[in-house]
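Novice: Each of the two chains sits in its own frame; use the hints to bring them together as a complex.
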Amino acid sequence: GNSVTQMEGPVTLSEEAFLTINCTYTATGYPSLFWYVQYPGEGLQLLLKATKADDKGSNKGFEATYRKETTSFHLEKGSVQVSDSAVYFCALPYYNQGGKLIFGQGTELSVKP
Amino acid sequence: DTAVSQTPKYLVTQMGNDKSIKCEQNLGHDTMYWYKQDSKKFLKIMFSYNNKELIINETVPNRFSPKSPDKAHLNLHINSLELGDSAVYFCASSHGTGGGYGYTFGSGTRLTVV
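Protein chains in written order, with my numbering: chain C, 4 to 116; chain U, 2 to 115.
A few of these clues could be false.
Okay, derived cross-link-like pairs now, BS3-like style, lysine-lysine, Cα gap no bigger than 25 Å in a straight line [what the hints assert, rightly or not]:
{"hint": "1", "chain 1": "C", "residue 1": "K103", "chain 2": "U", "residue 2": "K68"}
{"hint": "2", "chain 1": "C", "residue 1": "K103", "chain 2": "U", "residue 2": "K53"}
{"hint": "3", "chain 1": "U", "residue 1": "K42", "chain 2": "C", "residue 2": "K80"}
{"hint": "4", "chain 1": "C", "residue 1": "K103", "chain 2": "U", "residue 2": "K10"}
What the hints contain is simulated information worked out from the structure, not anything from laboratory work.
This one's a predicted model, so the numbers in the text were calculated from it and none came from an experiment.
Chain U on its own, in the form it takes in the complex (with noise of 0.2 Å):
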């Protein structure tokens, strides 16, 4: 059983085009986050959800909605896609917000758009 699910795992779109990636945790943690990873591995977050509230909330152009209907789910939708949106995004999740714990993270989401 899954840990931290995201779908899809790969994407492939054109350049304008409207997308979402969903993420889904079952670890009853209450703390989500959106993570970006760029093609030299460097990680930086994007958005985090506490208890469906938005806590985090990075310099990420507004193309970018976050969605969280429930503590276990947070789901990324992305307006007008962008060459420079290329990337691998990650759904991660955490225990509180204080960071001590750590994160679980997704396996990943593969966007490329053409």
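Okay, chain C solo, but in the shape it has when bound (with noise of 0.2 Å):
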């Protein structure tokens, strides 16, 4: 079945820093993948997605593109801020499945001043 694996956290960084989390997958057929934010004491919230090979999502400064080669949606950021500080969750949806998406253990990042 499909499934979802991301680096382990936490990260620390230091702002302005060049943020990369990396998540890889295995998946039947070519599904959506998404990133999802969780900031403290909050629910997830889409950071953003891409639907097929070569897609790149982006949003916020956070850019992931779908790479069917290496099966990989690595979140990337090139500046990030405090306001980054957040648990990142990697994603994609079960194959036939109703809907289900399977999440990544998620990676928590600490950006320091």
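Specialist: Right, here's the structure in full:
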């Protein structure tokens, strides 16, 4: 079945540093891929998505490219801010299972001033 | 106007009690979900309803019973609460059942069983 693996955290960066959070997946077919963000004490919010190979999703300075050849969907941001401190989840749907999303284990990002 | 709203936000209760969590969405979505997030932030699906019909029922103890009176509401009732039920419970909604649109999440209900 479909699965997703994220790099483990926590990740601690200084403000304005470059961010990469790795996500790799196994999937039947070519499902949409998602990044969600969870700020402290809040629910998950959709950060960006890509629906087919070579698509690039982007939002709030974050980007991720759907790479079929490496089965990856790494999240990047060129210059992080303190306000980006949160937990980030990579996700994709299970194949043919009623819209069920499988989430990676989450990567906690802490950005220091 | 909150898109997916859950109540209550916090719930502290004793072992053995019965409690309910309510969820409502005003997005016009036809599919709703309950997810459980443990202390390590791991998310696991519990149930899903599409147009009031149960379509996903993971291996969840039968002390947990979802109810969907209409496609905008999905409630979760938990009987005989146990310490291990302590977690954050998230409601979510989406268009259809293909998973291609992603979800909109509520802000969560933090359940603490003492």
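Novice: Each hint should be assessed against the structure and marked as holding or not.
Specialist: Consistency of the hints with the structure:
The hinted pair formed by K103 of chain C and K68 of chain U meets the criterion: a straight-line CA distance of about 18 Å does not exceed 25 Å. For the hint linking K103 of chain C to K53 of chain U, the alpha-carbon distance of about 16 Å falls within 25 Å, and the restraint holds. Note on K42 of chain U and K80 of chain C: the hinted pairing holds, with a Cα-Cα distance of about 22 Å set against a maximum of 25 Å. Restraint check: the Cα-Cα separation between K103 of chain C and K10 of chain U comes to about 24 Å, which is no more than 25 Å; the hinted pair holds.
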